[in-house]
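Peer 1: Make a model of the complete structure from these sequences and hints.
Line order of the protein sequences matches chains A and E. Just so you know, we're using my numbering here: the first sequence kicks off at 20 and counts up by one. Just so you know, we're using my numbering here: the second sequence kicks off at 20 and counts up by one.
Think of the hints as simulated: they come from the structure by calculation, not from any bench. Be aware that a few hints might be false.
Any copy, or any two copies together, can satisfy a pair, since identical chains are not distinguished.
[Said to hold, decoys possible] Calculated pairs, BS3-like style, for lysine-lysine (alpha carbon to alpha carbon, straight line, at most 27 Å):
(1) Lys96 x Lys347
(2) Lys96 x Lys173
(3) Lys190 x Lys347
As the structure is a prediction and not an experimental result, all values here were calculated from the model.
Protein chains: 2
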Amino acid sequence: MVVSDNIIRIGIVGYGNLGRGVEASIAQNPDLRLVGLFTRRDPAEVKTLSGVPVHRMRDLERLRQDIDVLILCGGSKDDLPQQGPQLAALFNTVDSYDNHSAIPEYFAAVDKAAKSGNNVALISVGWDPGLFSLNRLYAEAVLPEGATYTFWGKGLSQGHSDAIRRVPGVKGGVQYTLPVPSAIEQVRAGGNPALSTREKHTRECFVVLEAGADAIAVEQAIVTMPGYFADYDTTVNFISEDELRRNHHTMPHGGFVIRSGTTGGGASQQVIEYRLKLDSNPEFTASVLVAYARATHRLRQQGQSGAMSVFDVAPGLLSPRSPAELRKGLL
Amino acid sequence: MVVSDNIIRIGIVGYGNLGRGVEASIAQNPDLRLVGLFTRRDPAEVKTLSGVPVHRMRDLERLRQDIDVLILCGGSKDDLPQQGPQLAALFNTVDSYDNHSAIPEYFAAVDKAAKSGNNVALISVGWDPGLFSLNRLYAEAVLPEGATYTFWGKGLSQGHSDAIRRVPGVKGGVQYTLPVPSAIEQVRAGGNPALSTREKHTRECFVVLEAGADAIAVEQAIVTMPGYFADYDTTVNFISEDELRRNHHTMPHGGFVIRSGTTGGGASQQVIEYRLKLDSNPEFTASVLVAYARATHRLRQQGQSGAMSVFDVAPGLLSPRSPAELRKGLL
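Peer 2: As structure tokens, this is what we get:
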């Protein structure tokens with residue numbers, strides 16, 4: 020069905036967990052082709068899953084004509100604030116910028132660059148921001164009188180795992196964020212409860228101690244850590260290094276967006292719930308990026324340019340199927 | 020924040036449960052104003068919730084300049100196949116056409132009319148088709164390797180309730196469709212089970228008998244009815260007329276769209292679930308129509324015309340908030 024003229028040529032910038040997820044996801048989409056991978060490392064030292072050519076970052080400009088959309092797989096803290104605007108001036112781009120509070124500023128910088136290069140740059144794509152944002156928007160638009168709740172987990176939090184590992188006496192560890200089941204039940208039941216931070220999520224840590232470290236002191240340092248654990252009920256479990264390696268090496272995540280609202284002058288309670296249960300957070304985020312890469316190419320083909328978010332993209336553009344097929348098969 | 024120049028003027032065609040739901044929903048949206056209601060009945064005999072002017076259908080053409088978007092609240096069997104194309108030639112329209120198998124044909128007829136009048140006509144808006152369709156599309160685009168399941172209920176089915184009431188010996192009755200909990204659990208657990216019609220849903224009937232009717236014969240007639248009940252496990256409960264009136268007068272509904280798929284070469288299971296739990300099916304459908312009426316007006320303002328579905332509408336167009344507010348508040 021897909022003819023080669025319609026193949027969308029993708030480049031990946033950055034090859035960590037997310038970049039590897041994008042590489043695997045592209046293989047699931049016959050209308051997309053991965054043409055190159057760009058890294059700050061020595062290309063000779065990068066081993067890919069697919070055997071795709073690996074280039075240095077400086078080769079990007081030379082390969083401009085070979086790439087329809089560039090998927091930026093760097094981090095939101097250090098990589099994207101630089102790369103986002105810089106590369107949107109040269110390519111159509113998709114990124115997963117997830118520093119929620121700085122999105123307006125990031126959008127402005129990318130928008131200016133994308134417009135200067137006549138490119139489309141889709142920012143903050145993934146599941147939160149991304150699919151969760153979409154569900155907050157749809158639910159609020161449909162039920163203007165109500166409240167929206169976002170719960171995360173059960174999932175591995177990279178930031179909180181890093182915080183644990185900085186505690187003196189800790190050799191290794193991971194942290195899982197868990198939604199409180201009774202809070203979810205309260206929200207589902209309607210009535211829009213006021214829930215504190217502590218009432219919505221708990222935190223569970225699995226920690227490997229350094230030889231001779233004081234377990235009680237480590238536990239105290241973790242559960243009282245401001246900004247990370249102090250506002251939560253936190254459980255600390257001490258485990259062996261072997262157990263950490265065996266049972267805590269995957270990156271599950273997920274969560275819930277629930278809006279409960281009323282219609283008919285308050286007579287009827289209506290509940291909208293969206294839920295993700297993910298074995299692999301980076302692979303899922305990558306899959307969302309890849310679907311939006313298809314949309315990005317099509318938006319550019321329509322003559323659009325500038326920065327956009329998932330809110331600006333008509334859902335049909337994400338699918339390889341034609342509008343008529345979608346109406347017949349999925350509407 | 021909303022200035023009067025931006026008020027979107029809405030007309031309602033048809034005043035049953037759905038039309039009343041639209042009237043109530045418009046009152047929840049300060050940027051929309053209901054300017055008139057159009058009915059085939061004698062306007063003098065129609066009592067509205069809001070006191071909005073009631074007109075005859077033939078007044079529609081005269082009031083063209085006063086209406087930005089017309090929400091069509093008639094049925095899919097007899098009303099919309101006529102009214103959809105006819106009114107799309109004169110107005111921007113939104114409807115809830117829900118005869119899934121005839122959508123391509125209906126789309127073509129409405130598209131032709133809307134283009135002739137330079138209008139935007141949004142068809143098949145609601146929750147299924149509508150929000151459920153969107154979720155099938157997003158989930159399939161993000162997880163191309165997997166399977167999508169739609170479960171309905173617990174909810175009152177109008178068509179099946181009508182079928183019960185046609186059985187000789189039945190004075191009144193309602194039918195609820197229920198998803199099978201173990202089937203939902205199987206789907207959530209992944210593995211994409213093959214589920215028969217009988218394994219996905221059960222049907223529960225509450226029936227009032229005519230005086231002297233044979234309960235066993237009525238039950239047999241119901242549970243063996245082809246096309247309605249024969250393929251399902253159906254329970255028939257006999258109740259009093261009073262109980263029917265007291266406990267079965269509301270129109271709850273809802274359901275689930277669940278897609279389970281794999282990423283990373285099959286290594287990771289990813290599950291996306293969307294769920295609605297609705298006290299009032301018509302009020303919720305109406306709320307979706309109203310949000311899409313806002314989008315319809317904006318699409319026309321952008322210079323678009325023709326028939327469209329929810330797949331063609333960028334999510335941001337549904338919200339009264341500006342793109343910058345949405346990025347800051349919901350992304």
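Peer 1: Indicate, hint by hint, whether the structure satisfies it.
Peer 2: We went through each hint and held it up to the structure:
1. Only between protomers do lysine 96 and lysine 347 lie at most 27 Å apart by alpha-carbon distance; the minimum there is 18 Å, versus 43 Å within a single protomer.
2. With identical chains, the CA atoms of lysine 96 and lysine 173 are at most 27 Å apart within one copy only, with a shortest distance of 24 Å there and 46 Å across copies.
3. For a Cα distance limit of 27 Å, the shortest separation of lysine 190 from lysine 347 qualifies neither inside one copy, at 56 Å, nor across copies, at 39 Å.
Comparing the model with each earlier hint shows a violation of hint 3 alone; every other hint is respected.
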